[in-house]
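Engineer: Sequence:
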Amino acid sequence: MIKTKSFGLAYSLIDPNCKDPNVNPIFDVHINFWNISKKESPFIDFGIKITNYKNVHKITFSAPLSVSVEEIFDLSYVLDKEETQLIFSDLTYKFESIPKKYSLIHNDSEKIVFLPIKNDLNAKTFITEVESNNTVEQNFNMTIDLTQYNSIPNDATSVYFRFRIKNDSVAEIFLQKLQEQNYYLESAFVERQIIDIKFNDARNIDRSEVSRVEKENCAYAKFRSIHLFLMVPSSYNVTVWDNFSECRQLEDGWDKYLLKNDSNNINIKNILVYHWKKKAYRKNYFDKFTQLIKIELKDTNVKLIFYYCIIIVILGALGSGLATFIQNLLYLGRC
15 MIKTKSFGLA
25 YSLIDPNCKD
35 PNVNPIFDVH
45 INFWNISKKE
55 SPFIDFGIKI
65 TNYKNVHKIT
75 FSAPLSVSVE
85 EIFDLSYVLD
95 KEETQLIFSD
105 LTYKFESIPK
115 KYSLIHNDSE
125 KIVFLPIKND
135 LNAKTFITEV
145 ESNNTVEQNF
155 NMTIDLTQYN
165 SIPNDATSVY
175 FRFRIKNDSV
185 AEIFLQKLQE
195 QNYYLESAFV
205 ERQIIDIKFN
215 DARNIDRSEV
225 SRVEKENCAY
235 AKFRSIHLFL
245 MVPSSYNVTV
255 WDNFSECRQL
265 EDGWDKYLLK
275 NDSNNINIKN
285 ILVYHWKKKA
295 YRKNYFDKFT
305 QLIKIELKDT
315 NVKLIFYYCI
325 IIVILGALGS
335 GLATFIQNLL
345 YLGRC
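Residues 15 to 349 in the numbering used here are what the sequence shown lists, from first letter to last.
There's no promise every hint is true.
[Stated by the list, open to error] Below, in silico cross-link-like pairs of lysine-lysine (BS3-like), each with a Cα-Cα straight-line distance of 30 Å or less:
1. LYS283 to LYS236
2. LYS302 to LYS283
3. LYS19 to LYS33
4. LYS312 to LYS68
5. LYS308 to LYS53
6. LYS68 to LYS52
7. LYS19 to LYS229
8. LYS19 to LYS95
9. LYS312 to LYS115
10. LYS292 to LYS308
Keep in mind that the hints were calculated from the coordinates and are not lab data.
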């Protein structure tokens, strides 16, 4: 099991000596955890919005996963009007698309530009390896150089990146199956899971990763808001704790969004959305986000039930044999 369990987001500035607080970047993050089918591994979508982006040189996203570049899917480049309105839950945004450059949404107060991470520039990705307890742990890192995007409109208020991580290690690291004291009796019919999402949690980021960020004159982001959305089948029972906002049925339109990277066709009528959010009070931006979620689902463990049947048959045979043995003893006693 990989020890580092927190996602990380850091940035560097073009002019680190600038003292104007109005040019400090403001970060908002969307996290969509799709746990929608037992037949398919869960996957995660990230949306990173940067306001006051013009003094930002680079951002670095890190994940405690062994992920190849092919398992990072760029969603910024393929979103349409309906999908952007779903993501931001706002129908007032007007949508524009500039082929081979970017798309944007805007209203009277802001203009958000969606920038691709996989274009002719290509975000730089690399894997770092950390040795711990005689095992090698891997962390995925992706660096995006904002100065390479020359076509951003001058009046843009924010830039937005959105991408998907679809990799089997997502389940291994962030979705744990619980084994309680009565596991062998109850687990034939009930499965319990824990989802543990952390973002910029310093205690759960490897020290070598923190040192690399400091060496490159980067700072970890502070956030105005983080929204976590968990999508699960309606048959799942979800325990909600701090920061919980709402539960709703997944709206029409998300099925097309899910197909952006060839996901299996899912009946979204049976999917519920659980929403947690953390927002800064005024301008007291926060530096980390953690959320623990417990899920209980009905599950028929055929293999375990088969073992129980074998045990019952064996016990029945032993009981029948024992009864026959006792009857024979009683019969011999009468003779």
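Engineer: Each of the hints needs a verdict: does it hold here or not?
Structural biologist: Hint-by-hint comparison with the structure:
| no. | hint | in the structure |
| --- | --- | --- |
| 1 | LYS283 to LYS236 | violated, 36 Å |
| 2 | LYS302 to LYS283 | violated, 33 Å |
| 3 | LYS19 to LYS33 | violated, 34 Å |
| 4 | LYS312 to LYS68 | violated, 50 Å |
| 5 | LYS308 to LYS53 | holds, 20 Å |
| 6 | LYS68 to LYS52 | violated, 43 Å |
| 7 | LYS19 to LYS229 | holds, 22 Å |
| 8 | LYS19 to LYS95 | violated, 34 Å |
| 9 | LYS312 to LYS115 | violated, 47 Å |
| 10 | LYS292 to LYS308 | holds, 19 Å |
Checked against the numbered hints given earlier, this structure breaks hints 1, 2, 3, 4, 6, 8 and 9; the rest are met.
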